[in-house]
Amino acid sequence: MKLSKEEDLEIEKELKRLNKPAMKTIKTKYGDIYDCVDFYKQPAFDHPLLKNHNFHPQMRPTSPPRRVSPEKEVPKPEYKRVKIGLEGGGCPMGTVPIRRTTKDDLIRAKLYSEMHASKINPLTDDQPGKHFAVAQTIADIDYDGVGAILSVWNLPVQAPQYTSGRVKIKNGAESLEAGWTVNPGLYGGDNRTRMYIYTNAGQAHCFNTPCGFIQASIDIPVDMVLEPVSRYGEKPYGITLSIYQDTINLSWYLYYDNNRTVVGWWPSQIFTNLGSTATGAEWGGEVFSPPNVPSPGMGSGHEIKLNTNYDAFCAQANIVVNNTIIKPPRDLEQFSDNFNFHITNKGDVGGDPGYLILYGGVSGAIGN
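Per this note's numbering, the very first residue in the sequence shown carries number 586; after that it's consecutive.
These aren't lab readings, by the way, just hints derived from the structure by calculation.
Values in this document were obtained by computation on a predicted structure and should not be read as measured data.
One or more hints might be untrue.
Claimed, not checked - In silico BS3-like links for lysine-lysine, alpha-carbon gap of 30 Å or less:
1) K636 <-> K626
2) K668 <-> K912
3) K665 <-> K612
4) K665 <-> K636
5) K601 <-> K665
6) K912 <-> K820
7) K820 <-> K668
As the list claims (entries may be wrong) - Each pair of labels, with its calculated beta carbon distance range:
8) G949 <-> I833: 46 to 52 Å
9) E918 <-> T857: 22 to 28 Å
10) T857 <-> R651: 40 to 46 Å
11) D623 <-> P741: 35 to 41 Å
12) T857 <-> N907: 20 to 26 Å
The beta-carbon is built from N, C-alpha and C at its ideal position, and this holds for glycine as well.
Full structure from sequences and hints, please.
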């Protein structure tokens, strides 16, 4: 990607903004470098709407959502936990892990953020090759959150393709996503499965931390490698992610591990629509491939077999209404834009899976 002189200067300026002085540096076995940056100097606080903030590292939700039934009654799901967390306990207290950004990283991030921000027009020239298989709410009510256990997979993907599984909360043009992705174009050819978040707030849209997400966890960065991953036909590996709103300060919090760990939050100040509430929630998968290039697979990369050892899933799917965690309604709208990809809402199947949504499909879809 050739840059003009003005664009190159802007990239250099952005690099200085993103790469802050580190109190400690952590290099993972995958080659990622995480700088332990002072909480107050992380990229989120460069957002123009957060200049006069009063946030601090120990902040947690003032009104966490409650469950209809006690937590001890929540069944343990039939999956194995993905190992997550930086080695050695992560960063020192008062600092947060921010992945070091190179010039090439920043150029790729801007390109992929623009692609990802496009609306659902997968078979038009506006955004060819982008495909979805999702279940989404249709009730005209306010939503305070979305969550699920996501089985985690790794499929063959070549840049600039990507494949992802995620939960999503939205209001109009604004939305927040959290899930897993294989996106080698975004990570310099790295085909490993990673956790990711995506922010679409006002005029800003980006992957991970550059545009308003406040990192709080000292050992769980939002873009870290996830492993092990699920193997087809075996007991799957999964990760529990939730996006819940604090109904007092209206910020949106990212939780990991059945709401035991706050990874960070999106402050209400950066939003227009989502600054008050959400009007929809969504679960499922997404893939992208350039025009006339067969897409990668979605989910497990196979046709749905109605078996969680074979299918990508969102298990124990939930929404938050009136600050209470509940199961989604049975009448979720199921949407798939291509015959290769499928979504099946099993509803509340009881036992370990709870409310279960299956999705996926084979490679080879073409949008042009």
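The hints, checked one at a time:
Taking the CA atoms of K636 and K626, the gap is about 11 Å. The hint holds against a cut of 30 Å. Only pairs whose Cα atoms come within 30 Å are accepted, and K668 paired with K912 is accepted, the gap being roughly 27 Å. Only pairs whose Cα atoms come within 30 Å are accepted, and K665 paired with K612 is accepted, the gap being roughly 26 Å. Proximity of K665 to K636 is assessed by CA-CA distance (about 42 Å); at most 30 Å being required, the pair is judged violated.
A threshold of 30 Å between alpha carbons decides the hint, and for K601 with K665 the separation of about 40 Å lies outside it, so the pair is violated. Pair hint K912 plus K820 holds up; C-alpha atoms about 24 Å apart against a cutoff of 30 Å. Distance restraint check for K820 and K668: the Cα-Cα separation of roughly 15 Å lies within the 30 Å cut-off, and the hinted pair is therefore satisfied. Between G949 and I833 the C-beta distance comes to about 48 Å, which sits within the given range of 46 to 52 Å.
The hinted range of 22 to 28 Å is satisfied by E918 and T857, whose Cβ atoms lie roughly 25 Å apart. Under the hint 40 to 46 Å, the C-beta atoms of T857 and R651, about 28 Å apart, miss the expected range. The hinted range of 35 to 41 Å is satisfied by D623 and P741, whose Cβ atoms lie roughly 40 Å apart. In this structure the hint that T857 and N907 lie 20 to 26 Å apart at CB holds, the actual value being about 23 Å.
Violated hints, in rising order: 4, 5 and 10; the structure is consistent with all others.
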